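Peer 1: Next come the chains, spelled out residue by residue.
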Amino acid sequence: MFSYIMRRLGYMVITMVIISVLGYIIIELPPGSYVDAEISRLRQQGGNLAPEQIAALYQRYGLDKPEYVRFGLWVSGFVRGDFGQSFQYSMPVSDLIFGRLGLTLLFSFLSLILSWGIAIFVGVYSATHRYTVSDYVITILQFVGLAVPNFLLALVLMVFAQNVFKMQVGGLFSAEYVNAPFSVGKFLDLLNHMWIPIIVIGASNTAWLSRVMRANLLDVLNMQYVQTARAKGLKESVVTWKHAFRNAVHPLIMVLGGSLPGIISGETIVAIVLNLPTTGPLYFNALLQKDMYLAGAFLIFLALALLIGNLGADILLAWVDPRIRYE
Amino acid sequence: MSETIGSPTTTTTTSAEIILRIKDLHTYFYTDIGISKALNGVTFDIPSRKVLGIVGESGCGKSVTALSCMRLLPRSAKIPKGEITFFRHKKNGNGSAAPVEEVDLLKLDTMSQEIRNIRGAELAMIFQEPMSSLNPSYTIGDQIGEAIILHQNVDKAEAENRTIKILDQVGMSNPKAMVKRFPHELSGGMRQRAMIAMGLSCNPSVLFADEPTTALDVTTEAQILDLMRDLQAQLGMTIVFITHNLGVVAQMCDSVAVMYLGRIVEQASIEPIFYNPKHPYTKALLNSIPHAGSREHKRLLPIRGVVPDPYSSIKGCPFHPRCNSFMPGKCDVNVPATVTVDNGHTVRCFLYSDEVEQQ
Chain A
0 MFSYIMRRLG YMVITMVIIS VLGYIIIELP PGSYVDAEIS RLRQQGGNLA
50 PEQIAALYQR YGLDKPEYVR FGLWVSGFVR GDFGQSFQYS MPVSDLIFGR
100 LGLTLLFSFL SLILSWGIAI FVGVYSATHR YTVSDYVITI LQFVGLAVPN
150 FLLALVLMVF AQNVFKMQVG GLFSAEYVNA PFSVGKFLDL LNHMWIPIIV
200 IGASNTAWLS RVMRANLLDV LNMQYVQTAR AKGLKESVVT WKHAFRNAVH
250 PLIMVLGGSL PGIISGETIV AIVLNLPTTG PLYFNALLQK DMYLAGAFLI
300 FLALALLIGN LGADILLAWV DPRIRYE
Chain B
0 MSETIGSPTT TTTTSAEIIL RIKDLHTYFY TDIGISKALN GVTFDIPSRK
50 VLGIVGESGC GKSVTALSCM RLLPRSAKIP KGEITFFRHK KNGNGSAAPV
100 EEVDLLKLDT MSQEIRNIRG AELAMIFQEP MSSLNPSYTI GDQIGEAIIL
150 HQNVDKAEAE NRTIKILDQV GMSNPKAMVK RFPHELSGGM RQRAMIAMGL
200 SCNPSVLFAD EPTTALDVTT EAQILDLMRD LQAQLGMTIV FITHNLGVVA
250 QMCDSVAVMY LGRIVEQASI EPIFYNPKHP YTKALLNSIP HAGSREHKRL
300 LPIRGVVPDP YSSIKGCPFH PRCNSFMPGK CDVNVPATVT VDNGHTVRCF
350 LYSDEVEQQ
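Heads up: the protein sequence lines correspond to chains A and B, in order. As numbered in numbering that gives the first Met the number 0, residues 0 to 326 make up the first sequence, in order. As numbered in numbering that gives the first Met the number 0, residues 0 to 358 make up the second sequence, in order.
These are computed hints drawn from the structure, not numbers from a lab. One or more hints might be untrue.
As the list claims (entries may be wrong) - Examples of chain B residues lying across from chain A (beta carbon under 8 Å, computed):
| id | residue |
| --- | --- |
| 1 | Ala-65 |
| 2 | Met-69 |
| 3 | Glu-113 |
| 4 | Arg-115 |
| 5 | Met-124 |
| 6 | Ser-136 |
| 7 | Ala-249 |
Only a predicted model underlies this, so the values are computations on that prediction, with no experimental measurement involved. Positions of the beta carbon are idealized from the N, C-alpha and C atoms, including for glycine.
Work out the full structure: start from the sequences and follow the hints.
Peer 2: Shown next as structure tokens:
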């Protein structure tokens, strides 16, 4: 197992190198750079830029150097925690990302825990109560949850919260708390603002995961060894949770590994609709504005999260299922 | 807890002693395409401390009979009619005869504590597919020990000791290492030994063996059959051996019940079944297998047609469409009643009696 993990870590390094090259190429693909856009904006405003000024701008952002040198500089900065400078914000990329990462992680983890907790219990319940009224009700809710787009649910909940609860919606804090120092009031205000995004982000996830859980458990409940467990005289709850659930949870673990990047990027569209200061909208804007170092850093983070998530999922799977013992 | 597996039980048994009495058992499956009548009035007694074989083609209701006794039928199955009486011998330490308690298994809720106390402890079952009968996520020791902890009120360490002892008894080499193994690390024969060990772990009165050797190769099959025969003699339990293999029946069983389409058509002890079969279906079954030592090269006689699907209902004797002794106007009108033709030899056929089954 140890050598397996070591080998996987080695592969991860190689994959990261490839991803950083590819990522860099993709970011550089669109013609023009942020500086070009900036220059044309200045020209539109009537300013006539001297060639020296333009050269200075290029130099300042390192755009005068050949591509491979810029790539080398960019990548070598990672090790030092330097992800370059954002053109748009004139701030270090790391400050921008880490400033928003805390809240993003809070949202992502809360909705992850909520949706997983609900999904597992709902999935197990509807599988063990197949073709009962409650199973049908759950199934309908699941399909509604899957079919309704997240942003629409966000809009509906916003209108609902505003009209029924007379709440201020959007953002994370009410106006009076935005710049206030942290206090109990501010915390409660935060909680008050958080439930909509968490429900919205969690809804489709919960619906999807509980569907997967139900389908898998139904398969496993038909297995002979489940019958064997019953034949021993075990309680139905032990049969379900000890003997069936453990063999039905594999796909969920794989999904969990794949959802790690989502923790960092957050639900971008939902965040935009609800005006949340998370990393999703930041990434989105960086791509739109050709803010290449910011977008590149995101890309690298997301790729790394995906790799770590998958490794974690594989290790977890090996722990759950002894048949997957790597050598 | 002085009773251990393998302690010689010194009770005097008579052949008349019965452990399970199944009476007019009907089991139906309610599916989307209709009602499948798997059992249509199964009546027979399971003698105590003997090996009873249940034979018949696929789909005749052999497994459903066993599952009905265990109350392990799937949710789509209902038992509209019937009685299964379990003569429960209270186990007491000194092995003396204790009063027998009669339990009507069909009166118990399938999820109740009472039936769970009987399952595994009194009535155990081993299944056809040793490959899929064990949970891939737990060790052999865990899975056998689980039943011991559940029914015998011992701690984990003691359960493991007993597990090792049972594994040794079922002929597992190096049982101490085996308890730490996972099912996928074992061969089919080893897994079936583990299943047998699990079935025997709580010293049950009855062991239902549902085609336990069908999935195994012939050599392993012979070993497993020997083992079961030995353990049966040693522990004095009842085995209900479900199979479609008449050769296995001859080797294993004291008596045989032949099933066709959810009914017992003939029941007798082993010799009359093989040397003096009565029911045309039993005869046809015997004609369809090769006989060792026969000199001439005779053709095997397959039974005409196939088992009709259980969704359809056949008027009269269910075997009449395939029967060589079909008597028009008789067999296709009424269902023959079960009659005794010889001492302990019962048959359901108009060739032997005109008695009609009361509906």
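Peer 1: Compare the structure with each hint and give your call.
Peer 2: Results of checking the hints against the structure:
1. Ala-65: violated, 10 Å
2. Met-69: holds, 6 Å
3. Glu-113: For B:Glu-113, the interface hint is violated, since the closest Cβ of chain A sits about 10 Å away, which is over 8 Å.
4. Arg-115: Nearest chain A Cβ about 4 Å off; hint holds.
5. Met-124: At about 5 Å, which falls below the 8 Å cut-off, the nearest Cβ of chain A leaves the hint on B:Met-124 intact, so it holds.
6. Ser-136: Interface hint status for B:Ser-136: holds (5 Å vs cutoff 8 Å).
7. Ala-249: violated, 27 Å
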